[in-house]
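Please model the complete structure; the sequences and the hints are all you need to start from.
There are 2 protein chains.
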Amino acid sequence: MSQTLIAYVNGDFIPLQNATIHIEDRGFQFADGIYEVIACFGGTFLDLQAHLNRLQRSCEAVRIPLPCALSEIATLVLQTYERNPYSDAMVYIQITRGVAPRSHLPQGELKPTLIITSRQLPKPTDAKLASGVHAITLKDIRWKHCEIKSIALLASVLGKQEAALQQADEAFWLDEEDHILEGCATNVLAIIHGALVTHPLDHQVLGGITRDMAIRAACEHSLTVEERAWKLGETGLTEIMMSSTTNAVMPICFINHQAVADGEPGVLTMQIRKWMIEAMDTLRRE
Amino acid sequence: MSQTLIAYVNGDFIPLQNATIHIEDRGFQFADGIYEVIACFGGTFLDLQAHLNRLQRSCEAVRIPLPCALSEIATLVLQTYERNPYSDAMVYIQITRGVAPRSHLPQGELKPTLIITSRQLPKPTDAKLASGVHAITLKDIRWKHCEIKSIALLASVLGKQEAALQQADEAFWLDEEDHILEGCATNVLAIIHGALVTHPLDHQVLGGITRDMAIRAACEHSLTVEERAWKLGETGLTEIMMSSTTNAVMPICFINHQAVADGEPGVLTMQIRKWMIEAMDTLRRE
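Protein chains in written order, with this note's numbering: chain P, 1 to 286; chain V, 1 to 286.
Be a bit skeptical, because a hint or two may be false.
The list makes no distinction among identical chains, and a pair is therefore deemed to hold if it is satisfied within one copy or across any two copies.
Derived lysine-lysine pairs resembling PhoX-like cross-links, with alpha carbons at most 25 Å apart [to be verified]: (1) LYS149 - LYS111; (2) LYS231 - LYS139; (3) LYS231 - LYS123; (4) LYS144 - LYS231; (5) LYS123 - LYS149; (6) LYS274 - LYS128; (7) LYS123 - LYS274.
Think of the hints as simulated: they come from the structure by calculation, not from any bench.
Treat the numbers as computed from the prediction; the structure is a model and nothing was measured.
Set out below in structure tokens:
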């Protein structure tokens, strides 16, 4: 793919290779910003409005004004997608508070920074789907507002690094009582006594849009859904899966180098994945 | 001051106004970086080696390789200072993991980003020294590695914002038992029964170089120093001060809109400040 990639940066579409922001952008110096990642399949954006609504909530939570109306951002997302060569794409939106001489307290009225990129959607390989994901657990070291989709992601980077050092794919954060909260870049769900169980939304968990989609798929097919704190080793726990924009749900086959049940992708996990993909296909045909 | 400010960015000295980094710099998208702020008075850097040593420790803690030897960074700091018009300056160093297509897990060998700027050293006004600082307290919402001087500073930005909304200058973080940990951009020290008391260094507190300097000044003048957890409202608490690179120590006269003791700058606080400034002056003459 030799076509030049294009990025949107503060009003302009420019070659990604030349896309820069000022070194005193508060996103660069203070992690003072928020983001979204949206999947697009052949021109159909998955839950675009839900992502835009969350973008707005994130901005409100950190008191960054929206750089423009949500409808304009939607147009820019589409335009960025169209200027790039990928049919199945991962569109990334980032908003920061803007550029100012470095000082913790934002001074005066700043112009928020808006960048949008569109890159190829990474998809799980058949081999990974067959073998399942290996995860580790780590004590939660993150801040206390994980419900905000902020760019202050260093803890998650370190978690991913630790997972990689242990030859695992993802790390799941544990609260003080060892409940599984979420992953570094995923939500985590389990099948316990046949029900789909996942941690309730609070300050420790991002309200994942794919998490919602998995819950919706389960509900529509009469699976019981329980939003409650849960742990590894609970009696009746037979499957674990993780959800994210780029992966729908993926089966977790090993946690901390121990097999989950028989170490094979869970039957209900793969069923929920199938329902989700069917729902996406229906959306594409509409 | 109409002289063009100069920044160092990855090997080049360029006008600050044109100083940019790529939008896929991991510092911008993941807060995947660390920083230092060093004060310089008329060409004398305050504790430069201590800052450089901490820079190295921060890099090690997040597994970012140093972009070059510490001695080279020291040279670049001096050159950046010299190319800018400020005699008393605040030199800012930031290192990030580098540029890569966005993915939580750093892929392959990246070239770390190094930027250095030199801006005018902000100094407390006589009026502020006379009236003292107003602080508020907030429950700690930060991550669990505050001993690392990382750029994942959004929690501190929100703390400073909340302080400003309450017409205060700084916010101090409280642990679960209401011990005072540190401020958003400062360490906090108190005088209790005549001793200088400050929270011990652990994962909740940055090892401030100016905090060290205050402790050193107190020790050299035979003041008792206690590194222990402490609270507002302890019997014998007569003064509170905060320390930072740009402020030495500053008296805190109001906390949560209530006067500390008689609401005047503390006598020992101002004495320690004087000792610190004398120590700096001695350094400059050497």
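Okay, the hints, checked on the actual structure:
no.: 1; hint: LYS149 - LYS111; in the structure: within (20 Å within a copy, 27 Å between copies)
no.: 2; hint: LYS231 - LYS139; in the structure: within (13 Å within a copy, 27 Å between copies)
no.: 3; hint: LYS231 - LYS123; in the structure: neither (28 Å within a copy, 52 Å between copies)
no.: 4; hint: LYS144 - LYS231; in the structure: both (20 Å within a copy, 22 Å between copies)
no.: 5; hint: LYS123 - LYS149; in the structure: within (22 Å within a copy, 35 Å between copies)
no.: 6; hint: LYS274 - LYS128; in the structure: within (16 Å within a copy, 64 Å between copies)
no.: 7; hint: LYS123 - LYS274; in the structure: within (15 Å within a copy, 62 Å between copies)
The structure is inconsistent with hint 3 alone, although it conforms to all the rest.
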